[in-house]
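Residue numbers (our numbering), protein chains in the order written: chain A, 1 to 312; chain B, 1 to 360.
Derived from the structure by calculation, the hints contain no laboratory data. Yeah, the Cβ is synthetic: ideal placement off N, Cα and C, and Gly gets one too. Heads up, some of the hints might be wrong.
[Said to hold, decoys possible] Residues from chain A that face chain B, not an exhaustive set, calculated with beta carbons under 7 Å:
| hint | residue |
| --- | --- |
| 1 | 157 |
| 2 | 160 |
| 3 | 210 |
[Said to hold, decoys possible] No more than 30 Å apart at the CA atoms, straight line, and that leaves these computed lysine-lysine pairs for BS3-like:
| hint | chain 1 | residue 1 | chain 2 | residue 2 |
| --- | --- | --- | --- | --- |
| 4 | B | 269 | B | 252 |
| 5 | A | 130 | B | 75 |
| 6 | B | 8 | A | 130 |
| 7 | B | 75 | A | 227 |
| 8 | B | 180 | B | 169 |
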Amino acid sequence: MSTTTPVEDTVAAEEATKHRKSASTAAKEGLSSRWGSAAALVIAVLWTVPTVGLLISSFRPEADVKTTGWWTVLSNPSFTLDSYRSVITGSDVNLATYFVNSIVITVPSVVIPVTIATMSAYAFAWMQFKGRDTLFVAIFALQIVPIQVTMIPLLTLYVDWGLAGRQAPGGGFWTVWLSHSIFALPLAIYLMHNFMREIPGELVESARIDGAGHVQIFTRIMLPLLKPSIAAFAIFQFLWVWNDLLVALVFAGGNLQVSPLTVRLAELAGQRGEDWHLLSAGAFVSLVVPVLVFVFGQRYFVRGMLAGSVKG
Amino acid sequence: MATISFKKAQRWYPGADKPAVPGIDLDIRDGEFMVLVGPSGCGKSTTLRMLAGLEEVNDGQIFIGDREVTKLPPKDRDIAMVFQNYALYPHMSVADNMGFALKMAKMKPEERKQRVEEAARILNLTEYLERKPKALSGGQRQRVAMGRAIVRQPQVFCMDEPLSNLDAKMRVQTRTDIAKLQADLGITTVYVTHDQVEAMTMGDRVAVMKDGVLQQVDTPLALYDRPVNLFVAGFIGSPQMNLMGAHAKDGKAQIGDYLVPVDETAARKMSGDIVVGVRPEAWRVVGPDEGGLPVSVTVVEELGSDAFVYGTSGVEGTPNNIIVRVSARDTVHKGDTLHVTTDPRSVHVFDADSGDRLSD
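Next up, chain B with everything else stripped away, as it sits in the complex (with noise of 0.2 Å):
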């Protein structure tokens, strides 16, 4: 129920040469589920923890709503927090743990205990309300961490990487569990991951960082059809982009004897040393006389739905691993060459120099 914007905010460590945050600009929507996405060390967590109030902001503001927070302590801010390691107290039974920040807020008992009761059977831990931390599974214990957060029913959620700690099959569960509950609470949330498949499907919208500057902040799949420049073409997608330096002459884009097909607007602006980048899936795989881009198989992954087939292109120029999506029960060994193709709207032209996008 509050809409958050960072302006310019700035985050510089003491003793740092240079800021973690230079300035962050940043509008993020009433309900909206913003995840913060980047490589470790890109400053996503410095970001939340500014939002948070756990760090200091040297430069510029942050706004909850129309109130401005950036001098405020963390308790002033109306907001919840879930960490990476949950950080439970271990001394506290679930629901004194739940119930810890209304206590603060000298909530009287009955309605406190109602609140967590309430809580508690959101996430199903009415049965373990009694228990100590110790007492849990990791996915029970990130329940109760959630719970702490839920119960206060607060403007904002800061989540530092809740999902982290837990295993394969169990994350991606409770991804889905974190994303409709929030949802159906309708709190704005702000979500830090380094998994860009959580990112992915958790986020309304996302904002890929990279050395503490947004790269691009837009919805799912606007990332992934549109990347503005190569980080976030090469960080957005599993399995990566593949992205082949090329030279564009006259409107053309070559890969040694490939000539790569490209969109008008690209065609236009894109002059010497340029990089393609296709996704997997956009490959085509033609017969050896159409002028496709040559591949030799090294290694296929059968998936079962599908098979992701890498191998080397063997053009100079071209990084040596191309990979294409085929269908799963194409036959395609180690040792084939495929020859693969693409339209002009599958092609991301990116200037190699500035990274920038240059198609449509």
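Looking at chain A on its own, in the form it has when it is part of the complex (with noise of 0.2 Å):
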């Protein structure tokens, strides 16, 4: 029996914490300071400095730019739309194409693998069947191979298959999508496994007690709990599929009627790259859906999805 009362307690419990900080709490302490949101200020400014003068230099004319730095534009204002004029309009094929060619590419990228990787990963987290585990490593060893390595012996493949070239189904755009799909499982289906195995395992069993089946725990329980899990990797996978050029490069094979955007960028510099002024403005230009996706997925990132369930 305490002989304390609780008040007591509580008093004596944050005496105590006064002068025993936890380490988390130091922290955490230290990086609210004064000094350490200066400090953060300055990180943020220094990093944001570079995209801010490629934002002013999408503005300046040709011969601005060319010749003197971004910061010269507080001495000396003068913006213009030419750059951006001549990023979208100043091409044989219309910028449109590449960007509808980006989604295209895009857009199949994410799901088929979000969706085979979260199938697979709950086989892999909540079934019994032989050699699964040999087979989990198997898998998660697989990230060790360098793309670049597999790049010829795949297209040899796709050659062999019919997939390539723009004779093949899909206008050579199975390519592409495969190639994103193969290399983003691996690591897809590692996390979706880790994400599943969090989910408290009284929950399936008391769905398998309530008469669901493996489907209906799929699809009722893991696909809700898991919604923020799965939106941040499709956002991550469509944020690398939506920046990546050499995949596009590879396997598109400069068949210019199914390149994305990033194709198009590459090339804009010129030949010589006597045209580097206009990278600024494409870069923006490109950047516009990844912002978008970005702003709208916010809301996926939630957390607590779990609370209430299990206590403990």
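Hey, can you piece these two chains together into the complex? The hints should help.
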């Protein structure tokens, strides 16, 4: 039996915390102090300066960009939309085509791996079958294969299967979709498996007793609970595919009909780099979609989906 | 509305060098509240999970009613389970949580709604039906977990320590609620707990387990009055029974100079080293020259209704602590020496080697 009253206990506890701060409290206090905030502000400004410079450059006339730095805009302001005009209309293939291509490449390249990965992660996490652990380790180990090594063999396979080229089904997009999916799957399965394992086993057992089969457990329990994780991975994969040049260049093989924005961006500077002043405008044009995805996807990054499920 | 019977049901976890449950034989009557109790790791939860179908049965059989369910998946067994941590679906409202099993059974929405509302009324959850589990208190979550079980009107309830996450006061109250609910519904219930007080207060019958083996299955009072071995004697009862090493010779049991009164059956059967068990409340305080066991008092616990005296017997071969229940207003103080004795019918005699009961 304790002889102190609860009030005294709390007071004593507060006293104790005053004297012995936990590491996390100390870290929190250190980071939220005035000096910590100042340091964070300085870092933020330093990191933003190049982007701001790029943005300003994209609005400056060609002659200015090529002779003076972007900061001279303060003493000698002159702005024009010429760069954007050349980026958007200055090619024999319309920029809109590249935009559409990028979207056509990106959406299936996100949907295919996310779908397959969630389903296989469920199997790895919650189903018993022979050789499960070996197979899982094997898939995990696939991540160490550099994608550059796989390019020639993959391309050979695609050509043999008749998937490459303009006459192929899907207009030659299949090679890019498949490649992106193949490269994404090992990490996706591994991540999704870890998210799945974090869901308490009792929930699955409870659903089994309630009469749900694997499909119902997957669709009614796992998917709603994993929504934030799936969204997070999908956004990650989206940004990766949207910004990818290598895979598109190799597998869409110079076929402008199926090339994404990044390929066009790389060509913007011209054969000998004489048009490099256009790059800043091009970068901002291609930034629009990722920024939109991020802004609207943000609400899925919610925490605490599991709150209230199990105690302790 | 079903009996349950385990016939040599065995569970051997892969990779373990001995089975968690070597082979359990247990018959549970229709509508009975059966409590499985034992220390942690004794196989009581495994036994329950075998019944629920969450654990594979490696050998033997399990019957619910006259249906063999040994190999059936959980959903075909017509059981409901309440988990220790409740396992509520966090993304569903209370109503959806309770109706999930009915939805899986493809019951019509109107009928489902009616059943859920009925269960919510029984459990006082009506006003919380639209809430998510995270907006409920611990006791309310526990009731939702119960509600999820009762809406299904199953043949068997399985409960795996459903009260252990509640605070002490809530636990006592919910204990009574569950026992009453079970009695009203008349559904055969298997309840697992490590708390012998829960076992004694709730069970129609209690099965005491140790190392995967049933020690004794009986009504709470029978367990208390006639424990079949040392383990049950020590496990059931709080504070626990005084178990003292003694020596038997010519039908007499002796602890030091104290001659323990024993019943005739025990007197006939005992020999050599034995263990003598006496419940704290069975001791009688006597005068110093009446031949009682001397106990020097170390601690007195006053509970208001009565008091427990903890003391040392000072006799070699007996455990240090002797617990004696005295009436609350007896003036016993630390440092006093008490002399206690008891009656033959309150003495439990056990064989020191096998631990088996020798008394009548």
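So, going through the hints one by one against the coordinates:
1. 157: Where the cut-off is 7 Å and the nearest Cβ of chain B is about 40 Å from residue 157 (chain A), the hint is violated.
2. 160: Not OK, violated: residue 160 (chain A) not within 7 Å of chain B, min 44 Å.
3. 210: This hint holds: residue 210 (chain A) lies near chain B, its Cβ roughly 4 Å from the closest one there, short of 7 Å.
4. B:269 x B:252: OK: residue 269 (chain B) and residue 252 (chain B) at ~11 Å, within 30 Å.
5. A:130 x B:75: Within the cut-off at roughly 24 Å; holds.
6. B:8 x A:130: 28 Å, holds
7. B:75 x A:227: 27 Å, holds
8. B:180 x B:169: At roughly 17 Å apart (the allowed maximum being 30 Å), residue 169 (chain B) and residue 180 (chain B) satisfy the hint.
The structure fails to meet hints 1 and 2 from the earlier list, while all remaining hints are met.
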